[in-house]
Amino acid sequence: MRFNFRPQSHWRFKRFRYRTEVLRCASCGTVNVTPRPVCRRCRSRNLLREELPERGRLVAFTVVKSPTEEHKELAPYIVGLVEFEDGTRVVTQITDSDPEELRTGMTVERVVRKITHDGDSGIIVYGFKFRPLVS
Amino acid sequence: MRNVHVVGVGYTRIGEHWDESLTELMAEASLAAIEDAGVERVDGVYVASTFCEVTNNQAGISALIAEALGLRSVYGVRVEGGESSGMMALMEAYAAVASGLVDFALVVGGEKLSDLLPDEFNSVHSMTLPYDSMGFAGVTPASIAALLYRAYLERYEIPQEFIAQFPVLMHNNAEGISHAQFPFKVKLEDVLGSPEVAPPLRRLECFAPCDGAAAVIFASEDSQTKRSSGQTVRIGGISMKTDYVSPFDREDPLFMTSVALSVDEALLRSGISRGELDVLEVHDSYSIVAPLILESGGFSSRGESCPDLKMSKYALEGELPINTFGGLKARGHPLGATALYQVAEVYLQLTGRAGKRQIDGARAGAAISVSGFGTIAGTAVMLSGEGE
Amino acid sequence: MARIRNVAILGYGGYVPRLRIKATEIARIWGREEDALPVREKSVNELDEDAITMAVEAAKYAMRRAGIDPAEIGAVNVGSESHPYAVKPSGTVVAEALGIPPNFLAADLEFACKAGTESLQMISGLVSAGIIRAGLAIGADTAQGRPGDALEFTAAAGAAALVVGRPGNGEVASIEYARSYVTDTPDFWRRAHERYPSHTFRFTGEPAYFHHTLSAVKGLLEEAGLKVSDVDYFVFHQPNYKFPFAAAKVLQIPKEKVEQGVVTHLIGNTYAASSLMGLVRVLDAARPGQLIVLTSFGSGAGSDSFLIETKEGLPEKRAKAPLLDALIGRAKYVDYATYLRHRDKIRGA
Chain A
1 MRFNFRPQSH WRFKRFRYRT EVLRCASCGT VNVTPRPVCR RCRSRNLLRE ELPERGRLVA
61 FTVVKSPTEE HKELAPYIVG LVEFEDGTRV VTQITDSDPE ELRTGMTVER VVRKITHDGD
121 SGIIVYGFKF RPLVS
Chain B
136 MRNVHVVGVG YTRIGEHWDE SLTELMAEAS LAAIEDAGVE RVDGVYVAST FCEVTNNQAG
196 ISALIAEALG LRSVYGVRVE GGESSGMMAL MEAYAAVASG LVDFALVVGG EKLSDLLPDE
256 FNSVHSMTLP YDSMGFAGVT PASIAALLYR AYLERYEIPQ EFIAQFPVLM HNNAEGISHA
316 QFPFKVKLED VLGSPEVAPP LRRLECFAPC DGAAAVIFAS EDSQTKRSSG QTVRIGGISM
376 KTDYVSPFDR EDPLFMTSVA LSVDEALLRS GISRGELDVL EVHDSYSIVA PLILESGGFS
436 SRGESCPDLK MSKYALEGEL PINTFGGLKA RGHPLGATAL YQVAEVYLQL TGRAGKRQID
496 GARAGAAISV SGFGTIAGTA VMLSGEGE
Chain C
524 MARIRNVAIL GYGGYVPRLR IKATEIARIW GREEDALPVR EKSVNELDED AITMAVEAAK
584 YAMRRAGIDP AEIGAVNVGS ESHPYAVKPS GTVVAEALGI PPNFLAADLE FACKAGTESL
644 QMISGLVSAG IIRAGLAIGA DTAQGRPGDA LEFTAAAGAA ALVVGRPGNG EVASIEYARS
704 YVTDTPDFWR RAHERYPSHT FRFTGEPAYF HHTLSAVKGL LEEAGLKVSD VDYFVFHQPN
764 YKFPFAAAKV LQIPKEKVEQ GVVTHLIGNT YAASSLMGLV RVLDAARPGQ LIVLTSFGSG
824 AGSDSFLIET KEGLPEKRAK APLLDALIGR AKYVDYATYL RHRDKIRGA
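Going down the list, the protein sequences come from chains A, B and C.
As numbered in the numbering used here, residues 1 to 135 make up the first sequence, in order.
As numbered in the numbering used here, residues 136 to 523 make up the second sequence, in order.
As numbered in the numbering used here, residues 524 to 872 make up the third sequence, in order.
It cannot be assumed that every hint is accurate.
What the hints assert, rightly or not - Stretches of chain C that chain A covers, calculated by requiring three or more beta carbons in the stretch to come under 8 Å of a beta carbon on chain A:
1. 568-578
2. 607-620
3. 848-860
No lab work stands behind these hints, which were simulated from the structure alone.
Every value quoted in this text rests on a predicted model; they were computed, and no experiment measured them.
Think of the CB as a built atom: it goes at the ideal place given N, C-alpha and C, for glycine as much as any other residue.
Given the sequences, and given the hints that come with them, work out the whole structure.
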């Protein structure tokens, strides 16, 4: 809904949205995706900023045929579960592909794409998605 | 701590109530419950609504409900805990009555979703996911359900038909139920032939947006009510737990630790075992969620809930009937109201008022309410008066 | 404008979206003869792509090839005639997406199809003057063409980027000379708030494209004291398949020196990225020690021409990112209706 497009909240989360910058716990290694003061697993305050790797493995995917209001212009679009080498997993859009071109286990790479836009006058929300590796 | 009893229930039909507001629906359910309980007074009004700010532009809703019931100067609180808001309100009311703060508590849940367009509903429902890491990107609850569904089918090497039996059971149970959103049967091939929402998940494997309200009256054991002992049900135990908000941050996305822990704790507090339950309500928002709950809650072994279903374990005539009025799929899932419907239906079973769906001799039952895919889970164990 | 000193191309990258529409598909809708089409097919952006996202993709490849720490980037120039915002710089999003810390100069440029080489020109100046150590020069466009207009056959989507910095560390190439040629020539324009550009029919060729392009190239060669035969590759702006070869013919440049840098028949005119895209494809094939003349053309009108010499670092850097042909090769064809949806030409939907 409209209030999700507030420029302030997009701005606040841009490091994660543009570059998948997360907080890795220096004590136990757990990745905490969104900003927070302590690690979700061991409660250590020793959290270090880090970008998730640009490449991961597609574990599973589906096609969103019943989209939200703010993403309906893209529908149907693919949502996939991407796993990185250290076991960290994110759920994200998979772009530049049709479902029949995807297979589980394939390598995917991070790109920056338009996530949504607030009508013709509001901001354009950019953020990461993944796509099959171009090599 | 004082014992807490359910002394009355009330609810509206679930569906599209174009001519009634959220306040009217909740007031209607509340008045029915108050009348059913025959109580003279209510000291606390516990209102559960997941999205009343968004769907009805309404904050501070507890005062509106109290006023609509002709109550003034009562303690009124609104509780929100995603899809398990209703269970959370029950837990808060339970704590207040058990502690002596409140003698008679009205717990009412209501939701009005039919005003929303389908994509607006999806936007609103997606708020039950972590917005900043999932919702913003267009990840919907149905897409998460689909990813878990695929993982489940792969791990246990079963066909989709096994999972799709759950909605068939729900519709069987809802057939002819006057308060159900979809009071008719569906066939397995109807489920598997319905449009894809997020493959493999199909339309008839998903709950549908709806309006509805349900209410429960809690009274302390020493409060005087008109109810005979056979018409009251004791809350044996109630427990709620949170978990990591993304299922994929958990050790096993197919296991809901929040469900496991809340079931264990609620049973422990009740002093009964799983085997003593005669009836169970589970949160089947999507077909795949029912087996995950049954396995996480320890009612089926891992990977065994579908074979158990096939062997009729969970049917009305089975060992542990689930969702005897149709569950979220067929009775309906008006979010914040759902756990109130679950508890009201267990109450009907334990007081012999379940009509055509009556499980003979039901003396103990439980309701499991979940938000998202185990982000929050709550379990209420209920014991009939005669079982005491 | 003349000799450029101490400026090198450290990394380069081109990006082409995977969707294509065949010119015959556009011709089918508008009833055009199929034998006189300006290109074979053109690239079409995905629904989630715009000039900013494509600039990020091209720049990411360029930075990967350069092997540069984002903190070393002191300027980000994005040239485009389809900046997603009328006011709000594209370079800000591009830089943050690439992890470039805030102490950099951001400038968005617009000069029709010439804005990409302007970026290169300006970054080169900043590096040469010692103001920055390295910068990103980007051309990116999701070009507009009015439905049914001749330009609709060619207006395409793509981006190209160069990391430009000081030489001396295994660079891809050096930039030796630069020359520009600009006049007030109204061959093509888009007024504020208009969705589609207008153009002056056949004016486009003679007084616009050819006059400016040839003047810039001639000036550059003269300045550098070179003959056509001294140069290994000529890269031109390519609004269609014919123009670069026609320009080459006037200068008596053999076809073989032009072909490698022409991609317009496969992806259309990527506007601000067009000539840079040709350079990318040449760098994908060239050997160290070869000379390239890169010449843009932007309506309005003007040309920038550069003399570039490839260096020893090219083969190693080239291998670090996909070749342009790999991006061109992942073509997936769409029909005209899908194309309209992707270009946001169905309003009121």
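Need the list of violated hint numbers for this structure, in ascending order. none
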